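> Listed below, chain by chain, are the residues.
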Amino acid sequence: MTNQLPLLEVRDLDIAYGDVQVVFAMNMVVGQQELVGLVGGNGSGKSTILRAVSGMLKPKRGSILLQGQEISGISPHQLTDLGVAHVPMGRQLFPAMSVEENLEMGAYLKRSKANKKQNLEKVYAFFPRLLEKRKLFAGSLSGGEQQMIAIGRALMSEPTILLMDEPSLGLAPKVVQEVMQVIHSLRTLHLTVLLVEQNVRQVLKITDRAYVLEHGKLVIEGQSQGLLENDAVKRAYLGL
Amino acid sequence: MEFFSQGLQGLIDGLLTGGVYAMIGAGMSLIFGVMRVVNFGHGDFVILGMYAAFASNQYLKLDPYVSLLVVLPLAFVFGFVLHRAILAKLLGANDQTTKLATLGLGLIATNLVLLQFGTEPKTVYTEYATNAWRIPLFGLELRISEVRFYAVIITALLIFGLNMMLYRTELGRAIRATAQNRLGAELQGVDTKKIYAIVYGIGVVLAAAAGVLLLPLLSATPTLGSVFTNKSFVVTILGGLGSLPGAIGGGLILGVVESLGSSLFPLMNSHFGANYRDAYGLIIFLIVLLFRPEGLFGRTVKRV
Ligand SMILES: Nc1ncnc2c1ncn2[C@@H]1O[C@H](COP(=O)(O)OP(=O)(O)OP(=O)(O)O)[C@@H](O)[C@H]1O
Ligand SMILES: [Mg+2]
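Those protein sequence lines, which keep their order, are chains A and B.
Residue numbers for the first sequence follow our numbering, beginning at 462 and rising by one.
Residue numbers for the second sequence follow our numbering, beginning at 8 and rising by one.
Watch out, some of these pointers could steer you wrong.
[Said to hold, decoys possible] In silico DSBU-like cross-links for lysine-lysine, where the CA-CA straight-line distance does not exceed 35 Å:
#1 A:K519 - A:K574
#2 B:K68 - A:K521
#3 B:K129 - A:K521
#4 B:K129 - A:K574
#5 A:K571 - B:K68
#6 B:K129 - A:K519
#7 A:K583 - B:K106
#8 A:K678 - A:K666
#9 A:K577 - A:K635
#10 A:K574 - A:K596
#11 A:K519 - B:K68
#12 A:K574 - B:K68
#13 B:K68 - A:K596
#14 A:K574 - B:K96
#15 A:K583 - B:K201
#16 B:K106 - A:K521
#17 A:K571 - B:K96
#18 A:K596 - B:K96
#19 B:K106 - A:K577
#20 A:K695 - B:K106
#21 B:K96 - B:K200
#22 A:K578 - B:K201
#23 B:K129 - A:K571
#24 A:K594 - B:K200
#25 A:K519 - B:K106
#26 B:K106 - B:K96
#27 B:K129 - A:K596
#28 A:K571 - A:K519
#29 B:K68 - A:K594
#30 B:K96 - A:K519
#31 A:K578 - B:K106
[Stated by the list, open to error] A few chain B residues facing chain A, derived, Cβ under 7 Å:
#32 D70
#33 T137
#34 Q187
Keep in mind that the hints were calculated from the coordinates and are not lab data.
These figures come from a predicted structure and were not determined experimentally.
Quick reminder that beta carbons are idealized off the backbone N, C-alpha and C, glycines included.
Please build the complete structure, drawing on both the sequences and the hints.
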């Protein structure tokens with residue numbers, strides 16, 4: 462069974478910017494169809510790990526395995542072709558293109574081009590608001606709607622794993638709730654998601670498992686439900 | 008009446024020349040719009056186009072218009088390879104480095120031309136070079152130079168083709184996406200380094216095409232490059248850097264201003280010499296920079 466092999470595995474990962482090492486001996490596993498959180502405070506190294514997984518950074522040491530295959534050092538566009546979809550921090554949309562063109566860019570590669578039409582319909586079914594606004598420039602939509610475009614665009618590539626970096630960044634609290642609900646409901650699409658967030662409580666509420674980072678080191682990992690009740694986590698991150 | 012007729016004639020000549028300026032500017036503007044690189048060697052590629060047409064005529068006996076079929080594909084490959092081999096290595100380097108590199112590439116190109124063809128002006132003689140259609144209008148007679156007319160038609164076709172490519176094809180969409188957000192494009196699977204090389208190739212094609220089209224009108228000398236680089240600056244700044252319609256507008260305006268300036272103020276020209284026509288363009292350039300620094304048609308698109 463393929464399920465025995467984790468979809469994504471990070472082993473003994475060290476990452477540095479120049480001489481400054483910021484991630485130390487990180488280990489992490491994301492199973493098929495799991496929704497996994499990676500949380501921690503400012504500058505703890507969450508985005509750095511995600512950047513390494515999506516090919517934007519080359520780690521100093523250790524390995525990143527996608528279905529058992531080593532992927533560290535592969536360029537981002539090639540990783541997209543292997544099914545790694547990255548919803549980056551700040552969304553990185555094409556502001557002067559229509560919503561629909563933004564979504565269609567998600568199906569740029571051959572692996573998903575053939576099913577572009579059906580996938581577009583699925584995305585619109587998932588985000589009816591984007592259907593209404595499909596002709597408008599992406600740059601003219603609200604922050605929450607732009608986040609939906611970014612997620613929809615990633616779905617268009619038929620990903621095997623979805624990496625999300627701070628989807629709640631810059632959004633009003635009410636909109637954050639809404640985006641988290643959207644991410645939670647992605648499981649109905651049988652997706653595998655690795656979610657990076659500062660918003661620890663929100664993440665622990667919607668994920669299956671989570672990893673907690675501090676200063677580039679893994680400090681706790683476990684079932685999200687359990688972490689919500691863990692005293693150390695409560696004190697450090699939940700303000701209780 | 009004399010003044011009016013000269014003015015109208017100047018307007019026509021200016022629009023015809025302006026079309027070619029527009030194409031030079033469009034290439035520079037495209038390169039800037041997608042890669043945020045100011046291509047200081049742009050005018051030198053115009054010169055390369057001129058000499059390529061000259062050589063095709065000399066050795067292959069090709070008419071300049073026919074030589075486009077050979078020169079343009081070569082220009083694309085040349086630009087593509089130049090980017091892959093040199094400019095791509097500088098991605099992520101600071102602005103100065105890239106500027107100097109494009110400047111250096113232009114210098115190398117023109118000096119190779121100098122070595123090969125020497126300093127004396129080269130041109131091609133075609134039987135139609137001096138032909139003009141005479142059009143009577145309200146008792147005036149206007150001349151439309153055949154060569155300039157062809158130049159404008161071919162320019163219009165190339166720019167139309169470029170526009171169709173940018174807005175109607177998959178490649179065009181990937182180019183626009185890369186221009187608007189490189190990281191975003193890369194994450195969708197676009198090989199943005201390759202897109203850069205393609206765009207640089209297209210820029211060189213447009214510059215070289217302008218050179219070929221100008222050859223029957225002008226003699227080529229290796230040092231003309233900086234003149235054309237200056238003109239493409241003026242065109243792109245007039246129109247707003249990175250905007251294709253802006254480059255077209257900017258090119259036409261520059262052509263008309265130069266032409267009207269030199270035909271309506273003969274006194275200035277007799278005093279300063281015919282080269283004064285270049286100054287009229289720069290005067291407009293300064294005025295626009297003073298009052299509308301974002302360009303005449305410029306508009307800022309917010310990055311998301
Ligand atoms: N491009 C860079 N060059 C040098 N150092 C960097 C760079 N990006 C991040 N760092 C440093 O690496 C460390 C980890 O940063 P990272 O962005 O991964 O943190 P993060 O957990 O995502 O934080 P946040 O929640 O604020 O987004 C920080 O100390 C940061 O200053
Ligand atoms: Mg971060």
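> Report holds or violated for the interface hint on B:Q187, using the least CB-CB distance to chain A and a cut-off of 7 Å.
Holds - the Cβ of B:Q187 comes within 7 Å of chain A, reaching about 4 Å at its closest.
> Is A:K583 close enough to B:K106, meaning Cα to Cα at most 35 Å?
violated, 46 Å
> Hint validation: B:D70 versus chain A, beta carbon distance must be below 7 Å. Holds or violated?
violated, 41 Å
> Between A:K596 and B:K96, does the CA-CA distance stay at or below 35 Å?
violated, 38 Å
> CA of A:K519 to CA of B:K68, is that 35 Å or under?
violated, 54 Å
> Please verify whether B:K106 and A:K577 have alpha carbons no more than 35 Å apart.
violated, 40 Å
> For the pair we were handed, A:K678 and A:K666, check the Cα-Cα distance against 35 Å.
Holds: A:K678 and A:K666 sit about 23 Å apart, inside 35 Å.
> Sort out whether A:K519 lies within 35 Å of A:K571, counting only the CA atoms.
holds, 26 Å
> Would you check the hint for A:K578 and B:K201, treating anything up to 35 Å between C-alpha atoms as holding?
holds, 27 Å
> Quickly compare the C-alpha distance for A:K594 and B:K200 to 35 Å and report which way the hint goes.
Roughly 32 Å between the alpha carbons, so the hint for A:K594 and B:K200 holds.
> Under the criterion that the straight-line Cα-Cα distance not exceed 35 Å, is the pair B:K129, A:K521 satisfied?
violated, 57 Å
> If you draw a straight line from the CA of A:K583 to the CA of B:K201, is it 35 Å or shorter?
holds, 31 Å
Going through the hint list in order, the structure does not satisfy hints 2, 3, 4, 5, 6, 7, 11, 12, 13, 18, 19, 20, 23, 27, 29, 31, 32 and 33.
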